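Once you have looked at the hints, place chains B, C and D on chain A.
As given, the protein sequences belong to chains A, B, C and D, one line each in that order. Once you know that position 175 of the first sequence is 175 in this note's numbering, the rest is easy, because the numbers rise by one and skip nothing. Once you know that position 105 of the second sequence is 105 in this note's numbering, the rest is easy, because the numbers rise by one and skip nothing. Once you know that position 231 of the third sequence is 231 in this note's numbering, the rest is easy, because the numbers rise by one and skip nothing. Once you know that position 244 of the fourth sequence is 244 in this note's numbering, the rest is easy, because the numbers rise by one and skip nothing.
Keep in mind that the hints were calculated from the coordinates and are not lab data. Possibly wrong hints are sitting among the right ones.
Stated by the list, open to error - Taking beta-carbon pairs under 10 Å as the criterion, some of the chain B residues facing chain C (in silico): (1) K231; (2) Y233; (3) A240; (4) R244; (5) L246; (6) N255; (7) P330.
Note that the structure is a prediction, hence the values are computed from the model and not measured. The beta carbon of each residue, even a glycine, is placed where N, CA and C say it ideally should be.
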Amino acid sequence: MLVLKKFARDTSGMVGLVIVLATAVVAVLAPRLAPHPLDAYESHPLQRLQEPSRQFLLGTDNLGRDVLSRVILGARAALTIAVLVVAGAMVIGVPLGLVAGYHRGWVPEIIMRVTDVFLAVPQLILALALAQLLGPSLKNAMLALTLTYWPFFTRIVFAETRRIRVSVFVEALQGLNAGALRVMFFHILPNAAPPIIVRATIGMGFTILSAAVLGFLGMGATPPDPEWGLAISESRQYLPEAWWFAAFPGIAIFLVVFGFNLLGDGLRDVVDPRLRRSR
Amino acid sequence: MLRFFLRRVLLVLPVLFGLLVLTFVLVRIVPNDPSAALAGQNATPEQIVEIRAKYGFDQPLIVQFGIYLRQVVQADLGTSIQSGRPVARDILQRLPATLELTFAALLLGAGLGVPLGVLAAVRHNTWLDHGLRFFTVGGVAIASFWFAIMLQLFFSMQLDLLPLRGRLGTAMTPPAHLTGLFVLDSLLTGRFDAFRDALRHLALPAVTLSLGAMATITRFTRSGVLETMQKEYVLYEIAAGYPRELLIAVYVLRNSLVATITQIGLLFGALLAGAVVIESIYDWPGIGSYAVTAIFTSDYKAILAVTLLVGIVYSIVNILVDLIHGLIDPRVATEL
Amino acid sequence: MSDDLVLAVDGLKISIATDDGLACVLDHVDLRIPRGRIVGVVGESGCGKSTLVRAILGILPRAARVERGRILFGVEDLLRLSQRELTRRIRGKEISFIPQDPYLALNPVFTVGTQLLEIMRWHAGAGGNGDMGRRGHRARLVQLLRTVQIPDPEVALERYPHQFSGGQRQRLLIAGALACRPRLVIADEPTSALDVTTQLQILRLLRDLANRFGVSMLFVTHDFGVVAQLCDEVMVMYAGQSVETGQTAEILDRPRHPYTQMLIACHPDRARDLTGIPGTVASPLAPPPGCRFHPRCPSARAVCSTARPGAVVEAAGHEVSCVLYHGPVSHV
Amino acid sequence: MSERMILEVEGLETLLGGERRLLGRARPPVRAVAGVSLALRENEILGIVGESGCGKSTLGRTILGIQRETRGTIRLDGRAVSGLPPREARRARRDIQYLHQDAAAALDPWWSIGRSVEEALVITGVGPRAERAARIDRMLAAVGLEPALKRRYPHELSGGQLRRVTLARVLVLAPRIVILDEPTSGLDLSVQATVLRLIRELLAEFRLAYLFISHDLSVVRQMCDRVAIMYLGRIVELADTRRLFEAPAHPYTRLLLAAAPRLDPGQDLGDIPIHGEPPSPTAVPSGCAFRTRCPHGVALCAEALPMLEPVVDGHEVACHRWRDLAATPAVSTRPAP
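With the rest of the complex left out, here is chain A:
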């Protein structure tokens, strides 16, 4: 397939794909990959705040837990949040954008004004307020992120739909008397897919960052869950001595988000129907 061939030539996109796939493997196999899976949750006062060593490659934290194991286990939380939040936001946002973009009248007007209101406040601040009011927990953090992320998809799908709606092939379909649902879901949605896919990919990275902030501020995961943001927050009072405690979860965040962004960037050029070729 031409798409794959083109993508394979895009080095940075491939790097992104490798990082994302590796993260997924790590997340799935986390309990088996972690060198000290049991030590990840239990505290060992005797081995607290140890420097990286052969036994604990990335050192230990304030409760004597293995940082590497907790970083590995954190990947699972991060990916779960990313996938669920982005999927949830798409389920809400994409149909709204399609409806608002395809029709005219007061329904689209209302949808888009509500979207504007949500977009008028930075997502993180809205999510923080919502998470606080719902009560701090990982589930509520995910809910808050989902409920504040859908407008991004609505906006993109709306713009794409408006653009595609006036294209000649849609007019030709209307000339053949095709129904609105048929045109929207069979014709406009696939044509709008490239930017949605790119947005979703980059959105995963973005969501991981936002979730880490919520965790860092105590509005997300709760101790003793192995979550990267939370870990960095816990590490602050042991600085500058226990630098490893703060550094490695942050590097993990960077790597995964970097992977998603590279992948999204690479996909941008590739998801183009002109690369579809019959055989």
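Chains B, C and D alone, transformed into the frame defined by chain A:
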């Protein structure tokens, strides 16, 4: 142009109204009883009922919304639990600090981002371009709170080069209040000692905050310039014998800045959001750290006020962006 | 090169590297533009006329390579000049350009005056042509706009491109092309985006200006009808090769090359039975050897697939590249 | 050609746009079609000719039914099909189909050719699958395409092939009227000829009638039985093709004929009294819309709108002065092919 401006302002009003509804709904739909929250943890049921009546929580929702609306219009955002003072006053006092930080970050981000973006576009597909691409993708992948901590760890704790936290050293008296931005005020009043100190305190937070903005601006400037270079009129300009330097510096850049400026408007929201976290790490006495404390103390009035304020500031910035857009591209103003 | 030629393209061959391989977009292109004449280049899409224009202006895409040939402008080979020299001395000054789509060719965020004056100022400064000064340029430009029949030239200079109609924009671009008193004007399908009544006025204007200013013109088009209306001479291109050159009337009345004959026969004014030309245009990625038209040519012979004949003079100024006109003994 | 009218349009008017937005500049609606009456006979090709912005495409879209008429009636086989909301209008006018100008853009880039053609049948409710497949194969053969093309995508096809695909998609629905919007635009001359021939062959084969929208007079002369000339939303002249080209009555028609490029060298471009461009449809001049560019305008032209009146049987013109001008020959007449 005036009509264009008025229209933009008018279009923001429904958004602001929607924002009020949203914040109101947030408080009312959320399961927590605001009266209970207001009364504190040790309140008796009678106290809660009393508070409910006092704040009108026993009225129908629409009446409550009316009350809320009137309060907001009168800039009465309630009293903060944590400070015991009116939220509006707290916010007004802390706003300059946040503005100083975000403007500094924006200046840094745009000042470096635009030239870097042009450079990447002009050196399209060279190692420089690829390197900058790594930077732009990586720059938005770093968790800013972590980056802040790492900068503190290195520049303050290890090297002891820059202050760890705060806006001014404890020994330094703040400059006379003119704009509320210490860097500007100290310069205007000739307080160069305060200027130096304020700048040193500003350095790390501003760099932290600007990283994402710089990456995004670089990226958008690059793609904007590249896109403009593909345009028919650039081909014509080349064929008409415009020298390359003039072409890029004047003709291409002005066209591509349209995209960059729209992006800067959108970035302002990200900067405000970033400020929340970064201010709390650097103990920067602005809106952000205020919001974080409010979150920790469940000070919901303060939370809503900050949400509202950020929405308003963001809307104003975007009106400004539209105005600049209209000034750069004459078609925009006539079309709307 | 004789004195009365402004431009002479000799045996030009250009290929462009693409994702699918090397595309030989121009091969054996010869073109002569005598002083004060309007020469049309006509051909169907993909025949290489745009590449030819870009080669003369020195604005070929980066992936393009000139394999062979010369482009003589006066005594200079344009292909040997650096971009710097082309910018300073040639483009916009000696050779100017009128683009295809007037709706896209003007920068939307600058006034017309800024854009047109910039070219004049730049070339006056660098070319050593004597600085006329700001006011001088402006006066000359206003005069030019009047010549191309733009109403209210002073006001027009302060307006933005989107405030003009398509025909007026094309007039502005014509004024821009004449601003620095060029010796050669290259027009790339300047009327294909316009309606017939507007097109006629633009053609009439070009004809008048060519006479009045004595400039030579290269006029690229796909429409033989426009050639008939405007051009003195015409060169017919097929799949990157020049196949026939001559006086317009001569070619229209007595086309020699089979391709020219079939192309003219396709025109609705001449066509009786709507036959078209069978087959498809040769791909530049894998051009047929010899004469590129031979796979579609009804008169093709065995030799056509092995070698391409040089041009043969058939009548005064009428040259054909086809074995049919090489007499009984065909040569390579 | 029979004398039976398959399509009759009377006093058709279409307004476009004209939304009033908050504090925005008020935009009056554009009268893209301003009272058009015409009739199409069975098995006939009626040409609609005009410059860009004259409303010829809007006329086609209104007759098709995807643009709603503001006034006027449309009768299909004597049955009124106007005044309906869009989807019902399309259902009632199923016998009318439309061929878009840009064939490449008229096909969904994500769908293969076979699926795109089948889509037309699916929408109309033709089933089962085997029957659809058979009809598609027959139709592809009729327009001269290989069945193997069904698996290809639009960007892999040439302009001529795409034109045939869109023709097949429309004809597979067995329409009786096809509106052809600039069916040869963007095609090279050598391809144009073959497409035109196909269009003419299909007319006889499927017993169709065409509304042939074009700006190219040479093509129209070759293809059409009758021609209507449009200027700013109105038909200014309507006649048999031969009559129109040999004895044009309206000054605008005369100008168009004179301005069109043709293959005789050494024409004198200077003689043709032409200036300016058509006014914007948002600011149509009073009276006769053409008077601002007309070399024969008199005071009356600014005051009264000329109505179509018969010159001879089957030849109508909307001009106050056609009788005076009939004496003066048209600037230049074209030789017959």
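Exercise for the section: Of all the hints given earlier, name the ones this structure violates by number, lowest first. Expected result: Those not satisfied: there are none.
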